[in-house]
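Participant: The whole structure should be built from the sequences, with the hints applied where relevant.
Here is how the chains run, residue by residue.
Number of protein chains: 2
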Amino acid sequence: MSHLKLMIPGPVELEAEVLELMGKPNVPHYGDEWLKAHTETVDMLRRIFQTSGKIFLMPGSGSTGLDAAVHSLFSPGEHVVVGNNGFFGARLTEILEANGAIPISIHVDADTPLDAAAFDAVLRGNPNIVGIAAVHLETSTAVLNPAQEIAAIARKHDKLCFIDAVASLAGTDLRMDEWGIDMCVAASQKALGGAAGLAVIAVGERGWQAIENRTAPMRSWSLDLKRWQWYVDNWGDWHPHPGTMPTAVLYGLRKALQNLLNEGLEARFQKYDLLARRLREGLMEIGLSLFVPEELMTPVLTAAYCPPGINAGQLVKQLETDFQIKITSGFQQYKERVIRIGHMGGAITESDIDELLDALRQIISEL
Amino acid sequence: MSHLKLMIPGPVELEAEVLELMGKPNVPHYGDEWLKAHTETVDMLRRIFQTSGKIFLMPGSGSTGLDAAVHSLFSPGEHVVVGNNGFFGARLTEILEANGAIPISIHVDADTPLDAAAFDAVLRGNPNIVGIAAVHLETSTAVLNPAQEIAAIARKHDKLCFIDAVASLAGTDLRMDEWGIDMCVAASQKALGGAAGLAVIAVGERGWQAIENRTAPMRSWSLDLKRWQWYVDNWGDWHPHPGTMPTAVLYGLRKALQNLLNEGLEARFQKYDLLARRLREGLMEIGLSLFVPEELMTPVLTAAYCPPGINAGQLVKQLETDFQIKITSGFQQYKERVIRIGHMGGAITESDIDELLDALRQIISEL
Chain A
117 MSHLKLMIPG PVELEAEVLE LMGKPNVPHY GDEWLKAHTE TVDMLRRIFQ TSGKIFLMPG
177 SGSTGLDAAV HSLFSPGEHV VVGNNGFFGA RLTEILEANG AIPISIHVDA DTPLDAAAFD
237 AVLRGNPNIV GIAAVHLETS TAVLNPAQEI AAIARKHDKL CFIDAVASLA GTDLRMDEWG
297 IDMCVAASQK ALGGAAGLAV IAVGERGWQA IENRTAPMRS WSLDLKRWQW YVDNWGDWHP
357 HPGTMPTAVL YGLRKALQNL LNEGLEARFQ KYDLLARRLR EGLMEIGLSL FVPEELMTPV
417 LTAAYCPPGI NAGQLVKQLE TDFQIKITSG FQQYKERVIR IGHMGGAITE SDIDELLDAL
477 RQIISEL
Chain B
117 MSHLKLMIPG PVELEAEVLE LMGKPNVPHY GDEWLKAHTE TVDMLRRIFQ TSGKIFLMPG
177 SGSTGLDAAV HSLFSPGEHV VVGNNGFFGA RLTEILEANG AIPISIHVDA DTPLDAAAFD
237 AVLRGNPNIV GIAAVHLETS TAVLNPAQEI AAIARKHDKL CFIDAVASLA GTDLRMDEWG
297 IDMCVAASQK ALGGAAGLAV IAVGERGWQA IENRTAPMRS WSLDLKRWQW YVDNWGDWHP
357 HPGTMPTAVL YGLRKALQNL LNEGLEARFQ KYDLLARRLR EGLMEIGLSL FVPEELMTPV
417 LTAAYCPPGI NAGQLVKQLE TDFQIKITSG FQQYKERVIR IGHMGGAITE SDIDELLDAL
477 RQIISEL
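So the protein sequences, as listed, match chains A and B. Take the position in the first sequence, starting the count at 1, then add 116; the result is the number in our numbering. Take the position in the second sequence, starting the count at 1, then add 116; the result is the number in our numbering.
Derived from the structure by calculation, the hints contain no laboratory data.
Which copy is meant is left open, so a pair is good if it fits within one copy or across any two.
Calculated lysine-lysine pairs in the DSSO-like style (CA-CA distance at most 27 angstroms, straight line): (1) Lys152 with Lys140; (2) Lys275 with Lys342; (3) Lys140 with Lys387; (4) Lys152 with Lys433; (5) Lys152 with Lys451; (6) Lys170 with Lys275; (7) Lys140 with Lys433; (8) Lys152 with Lys342; (9) Lys433 with Lys451; (10) Lys342 with Lys170; (11) Lys272 with Lys170.
This one's a predicted model, so the numbers in the text were calculated from it and none came from an experiment.
Facilitator: Printed below as a string of C-alpha cells:
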C-alpha cells in the first residue's frame, strides 16, 4: 500500500523489518528476553557513540533526554556557555535555563556554524563557567557545528562538554571518547532509524564523575541519572531502568541498529554522502540553491532556497498531496523560502532521491 | 503464530487492531493528520477521566507522568500527605521527595486499603499541608484505595488532591471532577489498552490554578506543565506539545480507546467484573486464596496466595514455559507466596481466563 514517505529530518521513514517488529504482540519490560534486547541495544549504542561510558535508554523525546542530561550534569546557578545558531541551539539554552543553570549564549547567524574560538574566548574571560553545551547538527538549518573543535576547547580549559547529538548521531561522524565529549544525547527517531519514543543518553567518565560529585539536590525523579544508574546496579538482572519502557520502540530500534552495524557505520556514512551529493546536484539543476555551502551541512539533511518566486510551503504541500512525499520547510524567517529534506535512517535509497527530484522538477515547472 | 500472552498488570495484551496500527509506516508528530489523531485521543481521555480539565499526553512511562505532575503541582518545601500501602505508594512518596516536596507518609500494611479518616486526622493536625497524594490501584497488591473518600477529605480541608491512577484508569470507576480530584496520572500500557510509551496527565481547574499561581521556579524543561500548555496555546494548530511524540504508540492507543468507548466504560467495567469473578472462583477451586477480600480488589487485577507448599515463582515460570501465559508474582515479602494476574485492556476474554485456570490446575496437580 502506498503511504506518505518521510524525507524530513526525523521521524524517519522506517525499514520494513523495523515496522514488522513494532507490530508484534506486546512484551513485558522486564525478564530475560527483555534484558537481552535492552542490553544488546545499549551495547550497539555504545559502539555508535564510540564511547566506553554509560548509556541510558529513556522513554521520551530527544528533548526529554536533553533535559535529563542537563538536569543531572549541571546544578542550579552554574554557568554554562552554550552555542546558539538556530532553533535547537535556542532550545538547548532554554533547557539549561529551565534547569536553573545560567547559560552564557554564543549567538551566531543561522547560516553560520558555531566557532570553537568563540567558546575559547568566553572561557578565557569567565573562569567560573563549568561547562560547554552545543548542538552538533542544527536541524533547523542543516548546519553541522564543529563538535570536535568545541570539545577540544572544553578539554583545554578542563570544563565539561555536553553535545546535543539528537539529529547527528549515526548520521555523521561523532567520536565521543576520542573527541573528549563528556555527555551526549540522541533519540531513536533520527539517524538511528527507529520510531519515536526513546531518548539515548551517553555519559563519559568525567561526565559521570561530575554527576556523582554534585552536591545540589536533583529536583526530579525521572530525570535523575543517579537513579537510573541505581537500577542498573541493583535491578540489572531483570529490570535495568526505573520505570516502564516503550518495548515496541526498543525492539524496532534494535533491529534498525543491527542493520546499521551490519552495514557498518563507515559504509552508512558513505551511503549518506552519495545520497546527499545526488540530491544536492539535482536540486541545483532544478534551480534551488543550497542554504549554506555543502561542506557546512551534514550528509543526512539538506536545506535549500527555493527558486525565486516559489513558496516553500507550497512545494512542501504539493509534494505531500500529489506525490506522497513529506519534506518540510525552514524555520522562522526561512519558512517561506527554504525547504529541508532528510534522508536519515536505513530506508531511503537513491531511487527515493530520484523520485523526489522528479516530483520537484514537475511541480516547479508547473508553478 | 503463538506468542506469550500477557496477563500481568501492564503492559497489557494488545488487541490485533492496535498492533496493526503500531506496525504501520511512520508518520510525523505534527500537521493535520497528527493533530486529528492527537485531539481525538485527548478528547477520549477527557471522557474516561470524567473531567472537563486539561489532558496532556507525554512521552514516557507512568512514572514520568507522576514526576511531571508532582514537579508542576507541588513546590520544593511544601508538605504533602501521601498514602503508602505498597510499592507504588512508596514510589509516589519517593517522587514527592525527589521533587523537593516534604511527604508526610500514612503507612499501612500491604493487605489494607488506605483509610480516608487517617488523611483527615493528619490534615487536622497540620494546617501547613498543601495537598494529598495517593495511589488509586496499588498494583503491587491489587488493593484498591478509596480515591473518592480521600478526595472528599481534600475537598473538606480545601487542599489539593493528587491521584496516581496509572493502573486504575479505565479499569475501575474514577470520576475526577465529581469526586473533586485536582490532578490525576495514567499511562498508555495499562487498562487504557495501548502499548507502553505515553503518560497521561489530567489537570482539573483547581489543579491548574495551583500550577499557574506557583512562584517557585520549575527545575525542568520537559516536566513543566506550564510549558506544555504554552505549546497547546501557541502551536495548537499543528504541534500541540513541546517535543517529538511516540506516534506509533499514540495511534495504537487511539484505536484501543475507540474500542473501549464504543463498548462503553460501564460495559467494560461489567466485563472486567465477570472476568474477575470467573478467575477468582476458579483460583479458589484450585486451592489458592485471595490476597485480600474480593471487595478490596479492583476487577482488573487479582492477587492470590499459592496453595501451601507451592512457590509463586515456580508457578509463574511454568505458566510461561509450558503454556505461554505470563502472569507475575508478588512484591518483596510476597514474592514467593503470591501470584498476580491482570486482565486489563480489551484483548483478554473469558476463554483466556479458562485457559489460564486449566493451566494452573494442571501445573499444581503435577507439583
